[in-house]
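Can you make the complete structure from the sequences, with help from the hints?
Protein chains in written order, with our numbering: chain B, 1 to 233; chain H, 1 to 257.
Rather than coming from a laboratory, the hints here were simulated on the basis of the structure.
Ideal Cβ positions, reconstructed from N, Cα and C, are used throughout, including at glycine.
Where hints are given, some of them may not hold.
[Said to hold, decoys possible] A partial selection of chain H residues facing chain B, derived with a Cβ cut-off under 7 Å:
(1) Q27
(2) T46
(3) P89
(4) N176
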Amino acid sequence: MNYLINCINLQKNYLKKRALVNINLKFQEGKIYGLLGPNGSGKTTLMKVIADLHKQTGGEITICDEVPSHKTKAMVAYMPTENYVYSWMKVKEAVNFYRDMYNDFDMKKALELLSFMDIDLEQKVGSLSTGQRARLKITLTISRKVKIYMLDEPLNGLDPISRAKIKECIIDQFDEGSTMIISTHLVDEIEQILDEVIFLEKGEVVLQGETEEMRIKRGQSLEEIYREVYKHA
Amino acid sequence: MLKLVKFEFLRKRMSFMLAAALIVLGQIYALYKYFSINEVIRDNFTEEILGIFLGALAVGLILLYLIDLIFLFRNDLFKQEGYMLFMTPNSGYKLLGGKLIFALLEGVAIAGIYLSIAFINLKIMGLESLNLSLLNLSTSEIIIVTKLLMLMVFMIIEFALTIYLSFALFKSLFSNNRFKGLITFGIFILINILKGKVADLASTVLNNTFETIHLSAERFTLLGMGTTLNIAIAATLISSVLMYLGTGYLLEKRINL
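As structure tokens, then:
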């Protein structure tokens, strides 16, 4: 089995708060994973540790058999939930920044996706709407050719048109040779595209498995399972 | 590294344009005020007026430059948009190096602008005779001037690195400490006190050395100054290298953005 990410007893603390508690997870090539859980469950923290923006407090993590560093950043395309694209840039400057900084950036694909997403290259990032910013973020992330894609809350707070475009983009652009991790609490929007799901609560994995198998076994939709798992949250 | 420097220039282009516009407007205003002064006073105090103007301009530019040095790093470490830079597959050392090179180039550009303004005003005010030329300096004087310039450059780098190291500590070793701000500020002060102590020690050693040597007044001054500058340059350089390595390590291995 080819695992791209391997977490062993991974821990992350913020002051006294335990954001990740003994996480043991393996992410396999060719699958789309859903990282599910309410706010504060540890989804973003886990992604930031994988992206090497945060360092773990304990345990081990490897990305393609390497510990996170600037080298693994070349293997991971991460889309944070924050508006991280510099607001002073024009869209074309943001695209050029990615071209300059990432050897794996596919300019042609980025331009095609921007056209599909209805985003003008000359527009300033600061003047884009929330939906347009989200579409720009996903375009920049997906236009890289890497082994690991991570999208943190890609559909949060978006209008139906933006949500539909982003979902279409994810499905069309997913490459079997890579893995994709999508964090969300909007389960119904995305459950059709998830191969496996991981439910997090207070930094711990409370449930995980194949989406289809879980649905058949429990006789419930993913959203119903989600409601059941987090009924006390 | 060049791509990182290019990015910093792109980021600052609006600020540069704004600063350039302000400098031009300031220059026009200063000249307007100068020519509004009573002719007799103006002719008698031209040098003093120019001195005040250039002094104020130097202070203003240095202050702006120092503030800019702080924000050059702060914005990336403490704002969400910093993810864009820190997600790139560049090591902490490289990111820091890019910022330092940019800071140096910016410093050189500001110095160039300052000298140009000084030159233009000397011409306008008819004070070309004050125009200093390196050709009139002796070789040892030129060496001293070069060393002084080098020391200034290293001191700017060292100053920037002291702040960057404090920021990096804030976002790494102390990121989970409730009093991280206070601790980091304390460390910033401590680094500066340590640097001061080392400088004092070096200067005491130097003074003791020169007291035992008998030289002519002029040679003593030049030789003494040259050696003092050598030591100051070496000390600043060593301190900068140490802080560069420390900050780069924290950015690479311990950062929590």
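If you take the shortest Cβ to Cβ gap from Q27 (chain H) to chain B, is it below 7 Å?
violated (27 Å)
Hold the hint about N176 (chain H) up to the distance rule: shortest CB distance to chain B must be less than 7 Å.
The hint holds - N176 (chain H) has a Cβ within 7 Å of chain B, the shortest such distance being about 5 Å.
Quick check on P89 (chain H) please, does its C-beta sit within 7 Å of some C-beta on chain B?
holds (4 Å)
Residue hint T46 (chain H), partner chain B, criterion CB-CB below 7 Å:
With a minimum Cβ separation of about 43 Å from chain B (threshold 7 Å), the hint on T46 (chain H) is violated.
In this structure, the earlier hints numbered 1, 2 are contradicted, and the remaining ones agree with it.
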